[in-house]
Amino acid sequence: MLVPHESSAGCTVPSGTMLLVNTWAIYRGILRWEDPMKFKPERLFDLEGKKEGSFVMMPFGYGRRGCPGENMVLRVVGLVLASLIQCFEWERLDWEMDRGLRCPRLNRS
1 MLVPHESSAG CTVPSGTMLL VNTWAIYRGI LRWEDPMKFK PERLFDLEGK
51 KEGSFVMMPF GYGRRGCPGE NMVLRVVGLV LASLIQCFEW ERLDWEMDRG
101 LRCPRLNRS
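Position 68, counted from 1, in the sequence shown is what full-length UniProt numbering calls 68; the numbers after and before it change by one each time, with no gaps.
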């Protein structure tokens, strides 16, 4: 859970209070991101492909309270994508067919 260790706004947080960070609002903040509603995953990485700064992948949390499975998940997603690419025959969709539901033709010549 994205729980800060101290208050930075001059307010008092009682002991034992659970604080939740609104990551949805952080990722859509116009002060931090240029055009935040546009899908641009490259904004999270610098020119060398490394994670930019801290708190970039906030859905996983940060520091000692971060998700212990973050590294595993990021590797498994790549493995699953590679398996899909390797195990299936990919081809472009024939857009010349009639509109509606499309199924591959069984008896192609």
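None of these hints come from the bench; they were simulated from the model. Don't be surprised by glycine CBs; every beta carbon is placed ideally from N, CA and C. One should not assume that every hint holds.
Computed spacing ranges between beta-carbons, pair by pair [stated by the list, open to error]:
(1) Thr-23 <-> Leu-81: 23 to 31 Å
(2) Glu-96 <-> Leu-31: 43 to 51 Å
(3) Phe-88 <-> Ala-9: 46 to 54 Å
(4) Ser-15 <-> Phe-88: 52 to 60 Å
(5) Ser-15 <-> Pro-41: 23 to 31 Å
(6) Gly-69 <-> Pro-41: 13 to 21 Å
(7) Asp-35 <-> Arg-64: 45 to 53 Å
(8) Gly-16 <-> Arg-43: 50 to 58 Å
(9) Gln-86 <-> Gly-66: 16 to 24 Å
(10) Ile-26 <-> Pro-68: 31 to 39 Å
(11) Pro-36 <-> Cys-11: 20 to 28 Å
(12) Lys-40 <-> Arg-65: 24 to 32 Å
Quick rundown of the hints versus the structure:
no., hint, result
1, Thr-23 <-> Leu-81: 23 to 31 Å, "holds, 24 Å"
2, Glu-96 <-> Leu-31: 43 to 51 Å, "holds, 48 Å"
3, Phe-88 <-> Ala-9: 46 to 54 Å, "holds, 52 Å"
4, Ser-15 <-> Phe-88: 52 to 60 Å, "holds, 55 Å"
5, Ser-15 <-> Pro-41: 23 to 31 Å, "violated, 39 Å"
6, Gly-69 <-> Pro-41: 13 to 21 Å, "holds, 20 Å"
7, Asp-35 <-> Arg-64: 45 to 53 Å, "violated, 33 Å"
8, Gly-16 <-> Arg-43: 50 to 58 Å, "violated, 37 Å"
9, Gln-86 <-> Gly-66: 16 to 24 Å, "violated, 31 Å"
10, Ile-26 <-> Pro-68: 31 to 39 Å, "violated, 22 Å"
11, Pro-36 <-> Cys-11: 20 to 28 Å, "holds, 27 Å"
12, Lys-40 <-> Arg-65: 24 to 32 Å, "holds, 28 Å"
Checked against the numbered hints above, the structure violates hints 5, 7, 8, 9 and 10; every other hint is satisfied.
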